[in-house]
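Asker: Okay, here's what each chain looks like letter by letter:
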Amino acid sequence: MRAFTWMLPAALLGVLSTFLLAPLVALAARSAEAASIPRVAEMMQRAEVQDLLGNSLLLALLTTIFSLLLGIPVALCLGFRRVPFSRCLEVATIVPLLIPAHIHAISWARVIGDRGWLTKVLLDCGIKLNVRMPLGDPATDPLLGHVYPGPAWILATTLFPIVVFAIRSGIPALDPDALAAAQLSGRGRWARLRLVLGWLALRIAGGATLVFLLALASYPVVSLLDTPVLIQKIFFTFSQVDQGGGLLMSLPLLAVAAVLVAALSAIDRRIRSESTRTARFVPEVRSVGAAMIVLSILTLSFGIPFAALLREAGPIHWFRAEPDNYQRVVARVAPAFADSFLITGLVVLAALPLAFVVGRRLAADRRGLVEWGLLLLLAIPSAVVAAALLSQASEGAVGEPMVLLTSSVTAFGLGALGARKPRQRLAFGLVASGVAAALVHPSTGLLRVLQERGCGLPVIGLLALFLPLAVRMMRSAFAEIDPGALEAAKLSGVSEVKRQFRIELPFVRSTLLAAGLLVYLLAFTELSASLLLLRPSWQSVQVRIFNMVHYQRIEEVAALCVLVVVAAAAPLVLAQLLRPAKRRPS
Amino acid sequence: MKDGLSVVGLSVSLQGRPVLTQLDLVLPLGAYGVILGPSGAGKSTLLRAVAGLVPSQGVIRIGRTTVQDGSAIVPPERRGVGFVFQSLALWPHLSVRGHLEFVLDRTLPGGPARIDTLLRSLGIQSLERRRPGELSGGERQRLALARALVNDPPLLLLDEPTSSVDPSLKAEVAAILTEQVRGKGTTVLHVTHDQREAFALADQVYVMTQGRIEQAGPPEQVYGAPASRSVAKLIGSGTLLAVTGIGQGFADSALGRIPVLGAGTAGAGYALLRPENLEIVKVGGVPVVVKACIFLGPHYAVKAQLGEAVIEAHSSSRVEVGSEIRLVPRGALAIVEGRISS
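In order, the protein sequences belong to chains A and B. Per our numbering: the first sequence = residues 1 to 586. Per our numbering: the second sequence = residues 1001 to 1342.
If we strip away everything but chain B, and leave its shape as in the complex, we get (with noise of 0.2 Å):
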């Protein structure tokens, strides 16, 4: 499969300080690729570093062309890169129309049509003599992304997208990514924080902390079999459940003698016990006092100290705080790597 973006050794420091170190990335032609992460991580440089907003080190390729590597770098602006800013970068002055009449490239086949197109196809075409001050949110957004889609960029990067909007408008943003974005042939590199959004839109999800890429692959790997305990922790809800004598598919641990996929080091390491991972039982399993009981709509979420850690499970009644449940660990549990500390 051809690469739609591969980035080889990339390193970043601002201020004296490295953000990102030696990192690699592979993302295939076409694919929608998200960047998972804390805040700090990193995210926002890389994308701005794959832009050439920011000096890095390292081979950048944009599909079949390198636009940067040891000897030459290609600047911004002839990068070909399309790019939504978390603030959106609009251009206060000028009208929807201005901001694409700005960018577009004149050469590419369909003229100022294409920007018609484009409009009508977000829905923003009434729109086009309104300044940035007069458009609602939701408006807004997609003229960023009209903006940045207009000359068909081979790569386009989104920077937190729906960080600044209400959770109407995220679906809203997700709608429009999915329907004008995914799958039309446009390599994309997105970078969230947001787990549901990652999960719904990526064909390959990049889980980032402390400028790196921790792990990669698609989203149900990734959420089924974390590679670390940085990210178990970092992916979905759930608790690392100390486990010892790791073998033969089977693990011990406070729930006792559980069902685990994988091996952990020297036979003892941690279990991703998900809330979908218990079942409250009346009989059997093992019994726990609930600290706390929280209502999320569909569900409650039932928090129990087992042990040291506090584990979670799904409920669909309410359960009293200091009330007494018995829980069973449902289908194997992952293993992430890492010992045992004393």
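Pulled out of the complex, with its shape left as it was, chain A reads as follows (with noise of 0.2 Å):
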């Protein structure tokens, strides 16, 4: 029995495999035609994908200069100052990011789109400024008319809450002391300032990074505002099903990704390097006026257009028989939500046991590749994801050869990247190999069931995007561990199932209970995968949302994106709320 007790982790690679991995693998090797060089040189020579690139870029490069802004105060406000309301300050910190980003460009959109109120009263004043608009002509100004500040600053309110929280986790790692040593050197605030900055440059960089990697891929602001970048060309591309020349439009993507991904990397294992265990940096200073900023940074980058929402969506009719439009919204897409809490859910409970099980085994492994690896899997656009997972299984579902190839290819990869050593190497490959062309085989259905019916896909392709995140959190939570209380788990001569739950699982626990709340944060909000996944017998919230906007009634919209707020939110707030408060060290 015992010698068999291998195959399980070597059968669950396969499985693995077959579904996060080979559809990627799969696509490439399917588009490795259509990607070739002259096909590519040809593209990117065309004046059209030249001008949806640079977009791309200079509004990344936008939304990333926005980002830090917004969160660079924020951050060293609620780091270094002792604020009142401190944790609810953090809560609303965080909110920015549980909005979905489509939902902020509808709101947004009623401020100042087309027919938003602030668009109203700028006009009035002679100012005519617009969300979708670029700063210039692009036909006439080579510069100013590709850049696009509106989706830009709509991006940044959703992202900059990453640059908050990349530079307060570097905070309390500040040794106190070298703090007060600034404090003695009797340099000026703004001197002392430059210094601290200096000090978190790193942070700084890796938040900023992140930002630009998730500003360069993100659909749904761009989708709902016309902005003319390479993402919407390619989801454009995919949503015709042509996967190579969708994954030809990728490629410029997906290398800029790859040169951030290694940067972020690179930025990780210096900060890394650099951390030292001193004692943490609690903040002492008692600051009203950093509450200030902060709550006005907040209002104004979500409080305003969340405000014009819940006006648009109208009163709550608490004691009239008459229904609100949260009620008529409610009851037209009741089963929406049904299906979206379903699906999320199947993807939270997928990607617990498996991130634990995954990131404790690449704890140990501290090579560069894993991380960029991991990190690069989170890098490509959720719609090459999709796009892959689905020929994936419409090919597979009829028997193509190419699906049985590289799904046993990968998965002989991956599971001989799964043992130590040589002989142990083949074994988990053949097995996982063994495994992943048994799922794919048209004999055994599966493929053709996830394609026709069910929510499989659309579970396996939210898991397939936001599992690494889940899996990399864990590992640096088990890299966190001391190794000794792990030595000593050992040889107390515990059963290792026993030394997981009792022993690794209390360290890990918290870490674990937030990436469950991140999971499922992200797949709830999820839109672009969704887009392309959803069979039509399912839906799912966002893409109803997504739909809505232009067919349906605009308060009707607006009563539901601040239904779906409050959903996104309410677990991550109360799990917030609900945290024991810090001790002070004595």
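Just so you know, not all the hints are guaranteed correct.
Simulated DEER-style distance windows between Cβ atoms [claimed, not checked]:
1. B:1098 <-> A:115: 26 to 34 Å
2. B:1137 <-> A:353: 44 to 52 Å
3. A:141 <-> B:1116: 34 to 42 Å
4. B:1137 <-> A:262: 29 to 37 Å
5. A:86 <-> B:1137: 55 to 63 Å
6. A:262 <-> B:1175: 42 to 50 Å
7. A:502 <-> B:1297: 22 to 30 Å
8. B:1109 <-> A:287: 36 to 44 Å
Calculated from the model, a selection of chain B residues having no Cβ within reach of chain A, i.e. all distances over 12 Å [what the hints assert, rightly or not]:
9. 1098
10. 1151
11. 1157
12. 1168
13. 1182
In case anyone wonders, no lab produced these hints; they're calculated from the structure. All C-beta atoms, glycine included, are put in the ideal place defined by N, C-alpha and C.
Dock chain one against chain two, each of which comes alone in its own frame, and use the hints as you go.
Answerer: Below, the structure is given as structure tokens:
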């Protein structure tokens, strides 16, 4: 019996490979011809592609700058000052990230869109400003005509919490004595601020790189505002079932993503190598001004548009028989809510044990390649992942040999990587490969079922998108555990399963919970992949909102957006508020 | 003599717990003061209060400037003190030169050339482009000291600067402090729990326990005549031997009638019996049984039972555990205040 216990992880690797990695490998293999060097060169010489790529890069750059402008003051105020209602402000800082990007776009459109109240006010003052417009005329202005501050601002209001988290995670690691040394130096506040910003430069760079990466591949905002960027074209091409063309279009973005991921991975390694375990910095100075700064930025970034959304949705009819917009829209989209919760729940349920097992295994592997691979998986645009999965399922269902081949080979590779010794590698690879072949073989009918009915494809797609993030979190959490504590548990002679549950799980419990919440939020609010993967018999709230923007009354869209924000934010806000207060070091 | 640092009635409470209570301390201008004390005595808190890094009540004067009294508090950045932290507190993203350039007061005579002079004198000029992560432990210590000294502060505060380094580096740091700081006119307040370091460097030693200065004075005085039992227990090795019948330079003890200095309360007290006050003899003296014999390099520490006390003597050769040796007190023993409990 014991001799076969290794087969279980090998089989698990086979399953993971089949659904999460093999589709991407297959897409790359299928498109190898389409993405030949002459075709790539020809594509890159097209003025349209150059324009779209330029727009994408400028949009991502501007988004990053806006995110830094919003995020740095918030992070510094919350990190270096004891602000009143700090817990509430911390929760409020997370909220922008919880609001799906397309809802941000809809909200801002109510403020500064075609019929936005601010647009009208500005127009009365003779200023023509619209969230969809570039800064200049694209036909005559070669630079400003390609700069779209509206979408960039909206993306920044969604993504700036990433900068806040990146910086805030670094502040407690600052040596309090070194901060005191800066104070004692007698230099002014600005000089000291420059010193601290330099000190946190790696964290800021990490946050900025991640924002740039996400802005580059974000689809919902640019789609709703009709911004001419490359990801729009990619999505359009994939939705026309032109996988070769879609992948070809994706190549420039994937190349930029690969470079950014390498940079991010290098930054991450530098941060880890420089981190020291000295006393933790705890802010001592109380400041109401800092709280006001945070509050102002939060109001500016999402308070105003969200208020516009609330205004549009109209009042709640607590005591009136006539249904309000919320009741009307709930009656209309209740099945979509049910489907969304079911799909999200399944994704979370699958992601947590997988992240625990894979993260634990990868924690021991400190090679930069693993980190780079995980980040790269995160950086692949969701449309590409969804298109790959869709094509793997449809072609596998009709017995396309390529599907069997790529699945088996990918599974063998992943299985071989999963073992340590050469003979083990072979055995692992063979078992994983066998499992993969069995899963995708037409005779099992699994891929046909996935393709034709059920919510399997969206669940797998969302899992493929967000599992690497959960794995990365768990890997970091496992790597943080004191090796001595694990060795002591090992020496106690208890079984490995018991050790995992009684010793290791308590160490990583909070990270596991955080990973679960994050996967819930990301899966619940995901739009791009869902648009491609959902079967006609299934619905998702986000897809409904996306469609309703064009076809339904805007009051109901606004009401639905408010409900989605509440549903997305509720678990996190609850978890944050119920979190036990940190004990101050004595 | 002018005061380099004067602290009067200093009290500090951290999270509602009193850490320093009505503490008084005077350090002459240009003197090297060392604060000795056990962990938790409030040594580092005292330094931080002097630097203004923790809120405190009381009066603090640095040279002629009152930096804190009942009416006004000068913020830390305007007190002009140099501080070497226990953790060294270096900025990981700045180079050696970057550290000094950040701190340098450019209005001082010499300007940026001061950095070169200081780096040269501390022997780290060739490392000026390196960051703290690329420096050895000793080099980091020098950088921390250079940062504290670059503006010629009137008061230098050293918070256990050698606590996290190995013994060979301790000697190196002590040598740097002796060469670069001591006797150069800067008033220094140095916190340590290493007695050797304290006695080697100090003009004045302050023994601190439970948030108070128990004794202050030159190192020889603190070592030779501890003011209390707690100071005696803290400074050097030795045993407090109960004595009675103190009078006219003699007292009665388990070692017989011994010469003593000072007078106990109501003729009774404790005599501080240090190893150097005992001599192992072949004939005469008081017989004791050896409990342990530990090789310390230059000599052996021989521990023996004398009544209820364990006393320590030094021997040039190994002594068998369980064997009997004879001890004779040498020189006058200091009488430490305190009644003998029943």
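Asker: Now tell me if each hint is right for this structure.
Answerer: To see whether the hints hold, each was checked on the structure:
1. B:1098 <-> A:115: 26 to 34 Å: violated, 54 Å
2. B:1137 <-> A:353: 44 to 52 Å: Because 45 Å falls inside the window, the suggested range holds.
3. A:141 <-> B:1116: 34 to 42 Å: violated, 52 Å
4. B:1137 <-> A:262: 29 to 37 Å: holds, 33 Å
5. A:86 <-> B:1137: 55 to 63 Å: violated, 38 Å
6. A:262 <-> B:1175: 42 to 50 Å: Roughly 47 Å apart at Cβ, these two residues keep to the hinted range, so it holds.
7. A:502 <-> B:1297: 22 to 30 Å: violated, 48 Å
8. B:1109 <-> A:287: 36 to 44 Å: holds, 38 Å
9. 1098: Label violated. Min Cβ-Cβ 9 Å, cutoff 12 Å.
10. 1151: Not fine: 7 Å to the nearest Cβ puts residue 1151 (chain B) too close to chain A.
11. 1157: It is violated; residue 1157 (chain B) is separated from chain A by about 9 Å at its closest Cβ, not greater than 12 Å.
12. 1168: With a cut-off of 12 Å, residue 1168 (chain B) remains clear of chain A, as the shortest Cβ separation is near 23 Å.
13. 1182: holds, 21 Å
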